[in-house]
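**Q** Sequence:
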Amino acid sequence: MTDLKQITSQSFRAQSRQFYLLLGLTILTVLFGLAMVASASAVDSFKETANAGSTFLRQGLFAIIGMASMFIVSILPIGLFRRTSLVALYITLGLQLVTVLFGVEINGNRNWLDIGFTNIQPSEFLKLGLILAFANQLAQLTDDPLRNRQIWGRVFMFSVGALALVAVLGKDLGTGVVMAVTLIGLFLIAGMPWAYFLGIALAGVVAAFGLVMISPSRLIRFSAWLNPGAADPMGVMWQYEKGTWALASGGIWGTGLGRSKLKWSWIPEVENDFIFAVIGEELGLIGALFVVLLFFALGLTMFSIAKHQNNAFSRNLVVGVMLWVVLQAFINISVVLGLLPVLGVPLPLISAGGSSLIATLAGIGVVLAVERDRTLKLGRSNG
Numbered sequence: 001m002t003d004l005k006q007i008t009s010q011s012f013r014a015q016s017r018q019f020y021l022l023l024g025l026t027i028l029t030v031l032f033g034l035a036m037v038a039s040a041s042a043v044d045s046f047k048e049t050a051n052a053g054s055t056f057l058r059q060g061l062f063a064i065i066g067m068a069s070m071f072i073v074s075i076l077p078i079g080l081f082r083r084t085s086l087v088a089l090y091i092t093l094g095l096q097l098v099t100v101l102f103g104v105e106i107n108g109n110r111n112w113l114d115i116g117f118t119n120i121q122p123s124e125f126l127k128l129g130l131i132l133a134f135a136n137q138l139a140q141l142t143d144d145p146l147r148n149r150q151i152w153g154r155v156f157m158f159s160v161g162a163l164a165l166v167a168v169l170g171k172d173l174g175t176g177v178v179m180a181v182t183l184i185g186l187f188l189i190a191g192m193p194w195a196y197f198l199g200i201a202l203a204g205v206v207a208a209f210g211l212v213m214i215s216p217s218r219l220i221r222f223s224a225w226l227n228p229g230a231a232d233p234m235g236v237m238w239q240y241e242k243g244t245w246a247l248a249s250g251g252i253w254g255t256g257l258g259r260s261k262l263k264w265s266w267i268p269e270v271e272n273d274f275i276f277a278v279i280g281e282e283l284g285l286i287g288a289l290f291v292v293l294l295f296f297a298l299g300l301t302m303f304s305i306a307k308h309q310n311n312a313f314s315r316n317l318v319v320g321v322m323l324w325v326v327l328q329a330f331i332n333i334s335v336v337l338g339l340l341p342v343l344g345v346p347l348p349l350i351s352a353g354g355s356s357l358i359a360t361l362a363g364i365g366v367v368l369a370v371e372r373d374r375t376l377k378l379g380r381s382n383g
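Be aware that the sequence shown starts at 1, since it is given in the numbering used here, and climbs by one per residue.
For the record, the hints were derived by calculation from the structure and aren't laboratory data. Because the structure is a prediction, the values reported are computed rather than measured. Check before you lean on any hint, since a few could be wrong.
[Said to hold, decoys possible] Ranges between beta-carbon positions, derived for each pair:
id	residue 1	residue 2	range
1	145	189	33 to 39 Å
2	52	154	47 to 53 Å
3	377	191	43 to 49 Å
4	229	61	40 to 46 Å
5	189	252	22 to 28 Å
[Stated by the list, open to error] Computed cross-link-like contacts, EDC-like style, restricted to lysine to aspartate or glutamate with a CA-CA straight-line distance of at most 20 Å:
id	residue 1	residue 2
6	47	269
7	171	269
8	261	48
9	171	241
10	171	144
11	307	373
12	261	241
13	377	269
14	242	105
15	261	44
By construction, the Cβ of each residue, glycine as well, lies at the ideal position given by its N, Cα and C atoms.
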């Protein structure tokens, strides 16, 4: 008990300003998300369970589990992350493989695993597993070209395997896109040669085009996105159109929290992928900009933490989580605004969904652990 108190004291006392700022911004975003989930899900929850607060209560439980996960991860030693990085990758890859083989198919994606009392989405935890493993691998880059080629070879092999499991076999192109852009960003910042980057970018474009062409539903959605004014007999633009109505009706100040009209079964997945539309309707342009600024602030804070790290492993960890959270947020918002086709990507820390919330909070816990470790070492050296 005494050891736990000492660890807790070391974790949250005399930490850096960036540590407290990231912690505060994360808690604020989660609380804001809970309020929006309560509003956005009320109608559908009542229709499904006769309890308007059922989705909110479930999300509240996920938030408690996620916050506990963030706290536990934030007090773990950085050396443990390094020693167990490959184990974390193998476990999350294994869970994703099990999901592909025996998982539950929802909305055409076999990306959910039934564990009895609930469904989990292992691909959300795979994102963190990839960041942990690749942060360690890329920290071993040296001036030796042969060794570097071996490291990049391993990294690319695992990347292709993970993306194949998620986007090809699991049919979840949205999660695959988030993984791909996150990893490419991490690779570039870690020092990937431009020749490798150009090759990966070309291969990625070809692969994405192929995945769209071989799936009739994806091809229809992509074509509708390119031609929004064309006839839509299949209704594939329904979600985007009604989301646009919601944003337009919100104006500058919004209709008021809880007073959305489009959440009355007009927008599919309104508390999940399209919760930003309800934010824009109920809180207006001001609320939508507030959300954008929240993620901008989260990104800047993590960038500041990464900039102050004095070793490649810690810096890679922070950069990986930063890219994951910020890029996924702006992909989600871009989908709602019609800048990207509908991909089925949740808004981090805000959308309903336990796997996304818990995995993201655990990732932020890794960043807090990195900054705590730096501050602790700095205090020792100053002492």
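**Q** Now look at each hint and say whether the structure bears it out.
**A** Taking the hints in turn, this is what the structure says about them:
The hint said 33 to 39 Å for the Cβ distance between residue 145 and residue 189, and at roughly 20 Å that hint is violated. For residue 52 and residue 154, the Cβ-Cβ distance of about 50 Å falls inside the hinted range of 47 to 53 Å, so the restraint holds. Judged by the Cβ atoms, the range 43 to 49 Å given for residue 377 and residue 191 is violated: they are separated by roughly 24 Å. Separated by about 44 Å at the C-beta atoms, residue 229 and residue 61 satisfy the suggested range of 40 to 46 Å.
Against the hinted window of 22 to 28 Å, the Cβ-Cβ separation of residue 189 and residue 252 comes to about 37 Å, which falls outside the hint. Restraint check for residue 47 and residue 269: satisfied, since their Cα atoms lie roughly 14 Å apart, inside the 20 Å limit. This hinted pair checks out: residue 171 and residue 269 have alpha carbons roughly 18 Å apart, not beyond 20 Å. Taking the CA atoms of residue 261 and residue 48, the gap is about 18 Å. The hint holds against a cut of 20 Å.
The straight-line distance between the Cα atoms of residue 171 and residue 241 is roughly 24 Å, outside the 20 Å bound, and the hint therefore fails. For the hint pairing residue 171 with residue 144, the CA-to-CA distance comes to about 39 Å; that exceeds 20 Å, so the pair is violated. At roughly 14 Å between alpha-carbon atoms, residue 307 and residue 373 fall within 20 Å of each other, so this suggested pair holds. Of the supplied pair hints, the one linking residue 261 and residue 241 holds, its CA atoms being roughly 14 Å apart against a limit of 20 Å.
With a C-alpha separation of about 46 Å, the suggested pair residue 377 and residue 269 falls outside the 20 Å cut-off, and the hint is violated. Distance hint between residue 242 and residue 105 is unfulfilled; the C-alpha atoms sit about 25 Å from each other, more than 20 Å. For the suggested pair residue 261 and residue 44, the alpha carbons sit about 13 Å apart, so the restraint of at most 20 Å is met.
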